[in-house]
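Colleague: Dock chain B against chain A, hints included.
Sequence order for the protein chains is A and B.
When the letters of the first sequence are read in order and numbered with the numbering used here, they come out as residues 1 to 328.
When the letters of the second sequence are read in order and numbered with the numbering used here, they come out as residues 329 to 900.
These aren't lab readings, by the way, just hints derived from the structure by calculation.
Certain hints may be false.
Residues on chain A that point at chain B, a partial pick, calculated with CB under 8 Å [stated by the list, open to error]:
{"hint": "1", "residue": "L141"}
{"hint": "2", "residue": "P142"}
{"hint": "3", "residue": "R145"}
{"hint": "4", "residue": "I149"}
{"hint": "5", "residue": "E260"}
{"hint": "6", "residue": "S261"}
{"hint": "7", "residue": "L266"}
{"hint": "8", "residue": "H269"}
{"hint": "9", "residue": "N302"}
{"hint": "10", "residue": "D304"}
{"hint": "11", "residue": "H308"}
{"hint": "12", "residue": "N312"}
Cβ coordinates follow ideal geometry from the N, Cα and C atoms, glycine included.
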Amino acid sequence: MLRFQKTGYHGLYFPDIGVALDGYHPKSDYVFVSHAHADHMPKNRSAKAYATSATIDLMKLRGFRGDATALDFGQSFETDHFKATLYPAGHILGSAMIFLETDEGSLLYTGDYKTPPSPASEGFGTPETADYLITEATFGLPVYRWKPIDMLAEEIRTFATNSLNDGDTPVFLGYNLGKAQEILHILAPLGLPAMIHGAGHKLCKVYDDHNIDLGNYSAYDRDTCEGHILVTPSSALSKGFASNVSRKKVAYCSGWAANESRRTQLTAHKLIPLSDHLDFFDLIRFCKDLSPKKVFITHTPNPDVVQHYLDNEGIDSSFLDLEAETEE
Amino acid sequence: MIIITNTNPSFRLFCETLQAIRETRSSNAKITCFANYLRSIADEGELALAVQFTGEGAFDDLSAKRASVGSRTSGLAASEFCDIDYDLVFKPCRTATGSSSETIERLMENIPVAVEKRTPADRSLSEIMGIFKELADLSGRDDKKDLLHQAWSRMTPVEIKYFIRILGQGSLRIGFETRSVIASIANAFNTDREQVRYAHMITGSLGKTVILAKNERLHEATFRLFHPLSFMLASPVESRSVDDLTQYVAEEKFDGMRAQIHSDGENVRIFSRDLNDITKTFPDVVSFFSERNLPATVFDGEICVYENETIQPFQLLQKRMGIKKPGKKVLEKYPALFIAYDLLFTDGTPIFDMPLANRRKKLQQTCDEYHLPVTSQFKIGSFEELEERFSLALEHGNEGLMLKKTDSPYEYGQRRKSWLKVKKPGGSFDTVVMYAHAGSGKRGGTYSDFTLGKNDERYEEEFIPIGKAYGGYTNEELKKMNTRIKKLAVERYGPTLGLIPELVVEIEFDDIQVNKRTKAGYTLRLPRFKAIRWDLGPADVNTLQDVEAFFAKRLNENRLAQHENPSFKFSV
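Next up, chain A with everything else stripped away, as it sits in the complex (with noise of 0.2 Å):
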């Protein structure tokens, strides 16, 4: 089997071919990024980055300083040691899969994504097979389980007109990169006026070059927001965000909302489970569909369970230990 050691907190770094996934390790000449979220972006100069065309873009506004070098889709890059790659991951704009084939195997590296996939990402596809999966677990439990997409559309759109026809001003927590665009994409048909948070707000760029649509939005302007659609992070809202408009109902937007304890937490009037990780029963769907020798598993608290429902499915499994994301 091809042998792999963890590089940093995210990144994995597989010495027998040179290559390091997500993170960086002196002695890799090839660094694959599976997208632009900083847990697993590269954060050194000197790494050699191949990414989709949007992932680089998106890095560069994010601070990578690296050499990078654009894949496409289903475009392999091959040395005389390996095969890599990319397959969409519908995650966020740019988001891929790596798919590694060398001479002890294949093994396919998800990243995050989300299947089905998210609607402002260019979709989800996958090779039929491979003989090992490292994958997320992020929503790793019977607990949660997605709504269909439409129906989170529906609920974000009847939010937002909802609260505007009541003389609110909508706000829309989500994460900078990705679940803002996401937002933004699903109010697009409404063509109401949207006002994003400044940092992701730079970011929406390259979503138009990839040619999403974002409907009618703008950077955030503190003294003209109040009656805009508004979308911001969490951490924005308690340091000042549209303080100023006394009448704002606020939306969460994540896959954390599905736990009504988040309702609470963060006083949302509303909680709308959009994730952009894929939920647990597909997880499992997944890996039976893929039916790979071995499955690894990462970004979970409860890798057990995981294994457990993968037992069941015969298939063998082991904890990955990489950092947890508790937080979208």
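Modeller: The following block gives chain B in isolation, referenced to the frame of chain A:
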């Protein structure tokens, strides 16, 4: 907001209304929502159950009946129903959501086997009440589980969640407590909120209250002797500002057990603060009153152990609490005395509505006439005087002072500004965090409950647990602590993390109690966080010897005898 037009309400509609209330933020909107729902119910039995389930639980406040379905029973039953492993799957799910009933709701929704087993049917609230009664009559866990399976197989997930919460007799956790239920009743039937509250105080039952309100018969609510009334509660003085001391009178705050005594001739009943009948626990207090042969009277006051003209420490009263039939020896060793401080019923009428000053006058007369112990009241002119009184109260071995507003009525079941407690914190210790437990409810998904340790060289282990604490920190601090905790974690036992003992917190408590079931031999009363001591390390924490010393000091503290400067008056 939902508009309810259904005239034949079902348990499902009821639960959907509760969920709508949960998802509404404004309390007025919540009240309107519930009021609309109440108005839509034609059947009185159903109406009474709707408010009872919302504000009291499966069984009403006056009933001693309980279904006794614990979270383990419902968790195990749900795991079997969903065909999942309780320890391996259910428990981590519960840790993630922070709520057992929410976990069950979502598993019922998500797990295909569970969805197949359920065929929701419209059932009335009285049918559901029938199930609660059946559960109460069953004793074995397996029988209860079978009945739960049967019940759940005809419910939606939301129904199942509230079914479990109502069974628990606790809060439904929808941000809608008794006060809101009362407001909704008033709103639904166009009556005065105060009148509804009064009727509830008298009847002790939301169900009875709503029927009276619907029939415009609230005025018929009359007090009945030997049925407990909810107690008026005090707020900590720190949380309220007192501008004008002259509006208040002071009494010493006894370190005893709050009690309500109904006395009529030879008949005497004693009720505890949670409205349980504790008559049998205190036969000495009962005979004290029956010997005096009072006309029908209801007192509010405190039971203390009283010996050698001194109020004894709470630790000694504890030897009496919970003993259903105390033996002669216990009665002799720890004699109990009831000290009255309020009068709720006299001369054949309830007098809650009278201002405190008037109630007090009548109390004084009754106590003089029948030789009953009654608190001393002091007028307080200045904050200096308050300080003096406070020190004196402590010298008596009492907890501090109560400030009571002279023009206030007896505010049943409420914690407002009319009664204020001035209490000195018992003490504080620096302790090390040994274990972090995943929080529940509002703090779900965070590590927010902590086991705290102290070191002691007599034990092999470096640290001995002294108690658990949660709350008292800000969200920011909790976040910072969680980050640190993750780094210190070395073991995991389900929802609990074992930590390298490094994080030091200062913990405040009211008192120390002996508890032989713990390794330390002591537990803290009302432990809570005072500060997270980022500046201290594990070597700086207090030792078990400090705990022992504190306890000994408490027990042996010289208490001023009552014949000089009495905190209560007792003319034999």
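Colleague: For every hint, state whether the structure bears it out.
Modeller: Comparing the hints with the structure gives:
no., hint, in the structure
1, L141, "holds (5 Å)"
2, P142, "holds (6 Å)"
3, R145, "holds (4 Å)"
4, I149, "violated (17 Å)"
5, E260, "holds (5 Å)"
6, S261, "holds (3 Å)"
7, L266, "violated (10 Å)"
8, H269, "holds (5 Å)"
9, N302, "holds (5 Å)"
10, D304, "holds (6 Å)"
11, H308, "holds (5 Å)"
12, N312, "violated (10 Å)"
Against the hints set out earlier in the document, violations occur for numbers 4, 7 and 12.
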